[in-house]
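Residues per chain are reported as follows:
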Amino acid sequence: MIRALFAVILALVAVPLAAQDTMPPAPYAYNQLDDPRLEAEAAALMHTLRCLKCQSQSIADSDAPMAGDMRHQVRSRIQAGESPEAIRAWLIARYGDYVSYNPTVSASTWPLFAIPVLLILIVAAVLLRRLGKRRSDTEDAA
Amino acid sequence: MIAEIGLAALWLAAALAVLQMVSGGFALRSAAGEVNPLSIYARPAAVVQAFLAVLAFMMLLWAFAVSDLSIKLVANNSHSMKPFIYKLSGTWGNHEGSMLLWVGVLALSGGLLAAFERRLPERTMGATLAVQGFVALGFYAFLLLSSNPFERLPVPAIEGVGLNPLLQDIGLAIHPPTLYAGYVGLSVAFSLAMGALLTNQVNPAFARVMRPWVLGAWVLLTLGITAGSYWAYYELGWGGWWFWDPVENASLMPWLAATALMHSVAVLAARDALRTWTIMLGVLAFSMSMLGTFLVRSGVLTSVHAFAVDPERGAFILGLLGLYIGGAFTIFALRAGAVAEGKRFAVSSREGALVFNNVMLSAILAIVLLGTLYPLVTEAFDVRVSVGPPYFNPAAAIFAIPMFLVMAVGPLLRWKEDKPARLQFEVSLIAAVLISAIALVSFVGDIPFLPLLGLGLAAALAVAAVLPLRGRKLARVPVATWGMVLAHFGVAVSLFGMACEGAFTQERLAAVAPGGTEQVGDFSVTLQSVSPVAGPNWTAIEARMAVSRAGGEPVMLAPQARNFWSPAQATSESALLTRWDGQLYVVMGNQAEDGRWQIRVWWKPFVTFIWYGGILIALGGMLAVAGRVRVDVKRRAAVKMGDARRADLEALNPAPVPAE
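From first to last, the protein sequence lines are chains A and B.
Per my numbering, residue 1 is the first one in the first sequence, and the count goes up by one each step.
Per my numbering, residue 1001 is the first one in the second sequence, and the count goes up by one each step.
Just chain B, same shape as in the assembly (with noise of 0.2 Å):
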């Protein structure tokens, strides 16, 4: 039964998306200021479905929990001995259950958008929720007749063939959901753009409505590329955590766009410039979104994360894909011209500023994209490329390099027009910092050019990033700006921890006898003992060893080599020993035919400092969301108290009658 009704609500789901593209397109249709008669249903179709869509994942996500080995996809990809968290993250560890949770996760904000949001035009929340349908319904058609998550088997299967055991991690808990989240939190941005282009609302109060679905959206994308990048970070057993894999750059091309988009809609919001590229990024950022979907699930790609390979699925999802963008940028080329130029600006002003590091930004999408989407062109020729690192390390930091320079000054900068000369001080102050920084690293080694400016560049905008703050009372800033400086604090202790790991990590392979010891950095590693030891759905052979820095206390740490009966496959397990100042990273490997064993110790100086500036600038984002509904709540009570102070009024003294 449990399948049968999550099926039937998808495709009622379904049916409610049809309703709704065409009662939202009714309301483009009724003259200003009237209702027509066939535009009220799109709001209740929009919540209707978000609840029958997620109705459908609860479904699924139950058939998992109980293991329903009737179901094809639950036979597939789960196994009753595993773990039961695994159990339930493993519902959207495959092709079906993850484009199940998009698809719950989209019509969920686009139901939420319809209930709360009161503050735009009917007219354009009408086509608004039109195009929400619109999309929706093409990924409700790839479900239902593509990828149909509730299939039954002839014969349900006696035992289920398991999970990927690279994927049996809390990590596979977090990350999917809230990059998905993330991703679908753009449609959002995106709808809204189009029915703004579509009804000539691209003004400031568009753009206030856009605003928090965008910083929701970049906040989820933040949170979830990092913890993507930690636990790649420690369970591929390299210590690599950016390996610029076509699937990593699908999650950071939407995570760019999105970010140009946060900043160009502040521009719009406050000062009502830069309208067009408002819309532009809007769409691009959901462009980017779905292309990631259809990079990651189509099987374009043989990658770690792409699980799934079916050419037909990858031709449905193309053909959507063509249709969304094509569709976008055809309304966009169309209507661009009739929305009015906004507010004009100088060079050296804050939107000055905003406007070159959103054209950075959108050019490092562009090497981003192009050396993602090149690789694959070329294979269609039959002549294989790859591209990696050595590309786009440099490529991208062409445009990273000046961004990050004008980006320490930008927020310094006063809106519309503003004198470089005002700015003396604080210019001087961050090129000393930037100056002396590598000086002092050069100095210190002889190291890498790009770690070396990496380290610099950390330096000079973690100085820059709070001189906004200078001369102000800080119990007076708005909540907003101190995200703004969380923000951009974090992404000079990202920068930092980069570099550092960059320029700095020490190595260490080696096969060692129980009872030897190993050197790395000042940390001495005893392998003191080896074992087997066993889980729920695995058995593994366990090192101990002793860890000890500069002679100190020794800590025990146990990384596994792990091997997984169902499906088979082995694994390894780090073990990571976090300071304040870095990470020991320890990898068991396999046995030499001395009798010694394989291991791989990694110090990594600083490189946790990735992670927490990830969650600083997504902590920031959410600083200036609560900021900016904290100020739209007060503004909302206070029009409340003013009407009802003139209507008071108004009762108190009846306006005269005019005289006829």
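Isolated chain A, as found in the complex (with noise of 0.2 Å):
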């Protein structure tokens, strides 16, 4: 609950922060979290999101302002003691599916889970086309 109310209030700190134009709108675009085991999540989190202005780059390698943005903002959440996954559908209730690198089963992704389960099938099906039948012909040759 604490915590809850210390991400409200971090948030709304962070808003108005992010409304000013000039150079260090964000001070966690470029600068680490203290504790190395925040960091690390962060990181893993950052490196899985789309930076939105850039191509095909994550926001954990660009130098583009919005991708520092975004940086702060998952620093600043995780620090806030967000979880990763919250931080990600908060992100993606923003900006969309777009924004993280991470699909996950939906009405517009569900091929790219259901076609690699079906090319393990047809793989089987190959292997055991190919490498089966030739068992059966030598046994039947010997």
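Wrong hints could be hidden among the right ones.
Said to hold, decoys possible - Listed below are several chain A residues computed to face chain B (Cβ distance under 7 Å; list not exhaustive):
1. Tyr30
2. Leu52
3. Lys53
4. Ser56
5. Gln79
6. Tyr95
7. Val105
8. Pro116
9. Val117
As the list claims (entries may be wrong) - Distance windows between CB atoms, simulated:
10. B:Val1629 / A:Ile122: 46 to 56 Å
11. A:Thr104 / B:Trp1415: 44 to 54 Å
12. B:Ala1340 / A:Leu128: 16 to 26 Å
FYI, nobody ran anything at the bench for these hints, they're computed from the structure.
For glycine and all other residues, C-beta sits at the position ideal for the given N, C-alpha and C.
Each of the two chains sits in its own frame; use the hints to bring them together as a complex.
Encoded structure:
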């Protein structure tokens, strides 16, 4: 509860900060969290979020100001005790599925998961046909 | 004049491609053993066409070298103040120029094939050259009709626009030409596969002709991808070496197909098995090359590499793609039934292991293809999704892990049939290394699952790679076998680098005042001074940092934040300190309001092994080519000597005249 309250306060503080368009709107854009465990959590999350202003880069790989702002958001929310998946959900709610490099099963992404499963079946079938048959042939021949 | 010579050469080359196609086609209409009088033009047409296409490319290179600003392409992409090497490499740092390079290499490889390949039956050769001419014709049409590199400006420009600063790097001189040569080398494999399919000549002799082309293309693709990965790593300034970016995937897919094809061709050459597989993979590999070209060149992706955005061109390449891939698979479907099945083999045989791994490689290819194309498909329906490392890594690993396990044992198996019991010692050794490496590493620290498995597999593969040499006289091992050992060892080295980078990288981002020190790993990095510097077409802020490891002698590093003025763009030039056990990666950022400077420092243990591994893999491929060529030359010399001796004998003892 206190954590959630703290997060709300922090978010309120962060919004006006981000609104100023001058140099350091986002202190955590280029600075790490002090706690290495939290920083590792944030880094892992940042590597799976797309920089919306860039071309195929994650926010952890970009110099774009927007990526910096997003890094700041991620780090400060992690600092405030939010779970990485909650932050991802928040960003998806704000920017759409496009922001996350980690597609989850949904109406628009199910083929991404159905096709590999199908692929495993096809691979098994091809291998059985190509290799399984050979054995019976050689046994016949023997 | 230069541009006009280039353009004329391109049109003439296109006309010769038509001649090559038609004349090659007539070879199909000749009876076995006879030569159709109209089929004799295919070879000379291919050779002259190669000369003309290369000439056209040289003319463009010349125009860029002298910064001829009356040519639209040069004015749009070059600048008189650019360093000379980037003027030259800028020739292919744009859409038209890179397509001309593509076509030039295509024509050159076709010309080499036509000039030097004498082992194939003339009918097969004719069909092959016809297909090669047909492919070339499509790309000439694309260049001449929609992307003429030699277009003149009505009024010459006073100054050029310049080249994207990210491309102003030695990487541009190496990465695209190598990769393109690899892409296009696969065109020869494709044409040969189609030629053999059309004339029903899918046999070991054909495989031996195809093998050096596949190996060569594969070596070039390996080098091109390795160079590209290292370039992205040091140029983009964030220490990432593989982003699963669609453009990277576009180069990975032909490589995966070529890897499978190379192994399949080896089986066909040695054992006369896997005939239809080889043909299918040959078609697939070049299809992936063309798909890659389409993805990059059409502008359907907007990514770091895609500098062309023009829907008309996209539609043109898509049409070509549909024509060639669709046509090839149609012919394959119609003719594959006529190809007799090759020799048979048991599951536990070297062929069996190779089939297993080819299926796995194809499955990884399918995953990469799916993940690359799916976002494009949904985008057409206005749904935007992103597919990135969290998807590709585990999905590819499902197939890669069994592949690596089989790869460890496969080369130890005998051809045709083998008893697994014979390999008891080797298999238990590999398993022991795998398990103890994983146990040891997980004891050291808490490491994510995939890097942990990667470290274990790397150790097991490194041991397994040299096992085929056990109990053999090293001096008598064939060169090609050394190639295989080296390439497989390279895979282990590369995998080790990737896993270490994933598991042990340490990062430090901080704002530092001059004189301040930051610690990363056992390195301490002291920012000594920040000063402005200027280059030929940029100005920069350069930091001087003293880096010392565990209190040792400090080394100076000088990362820069550069501002190019034509075109105006900022880049960060990272500074690297390479040690045998890794790299320290330092980047200079902006100045904060309080006057401190942002710096980013990474210690990446063994990251260099990723690219060392790539180089080892390519070297292995080169050894394999050299070994095969040497054996082939020896065999030809022996056959010649035998023939000469037989002729001598016949001359001495004339055969008795048969009675009437």
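Hint-by-hint comparison with the structure:
no., hint, verdict
1, Tyr30, "5 Å, holds"
2, Leu52, "10 Å, violated"
3, Lys53, "11 Å, violated"
4, Ser56, "4 Å, holds"
5, Gln79, "15 Å, violated"
6, Tyr95, "10 Å, violated"
7, Val105, "11 Å, violated"
8, Pro116, "6 Å, holds"
9, Val117, "10 Å, violated"
10, B:Val1629 / A:Ile122: 46 to 56 Å, "38 Å, violated"
11, A:Thr104 / B:Trp1415: 44 to 54 Å, "46 Å, holds"
12, B:Ala1340 / A:Leu128: 16 to 26 Å, "22 Å, holds"
Figure legend: structure checked against the earlier numbered hints; hints not met, in rising order: 2, 3, 5, 6, 7, 9, 10.
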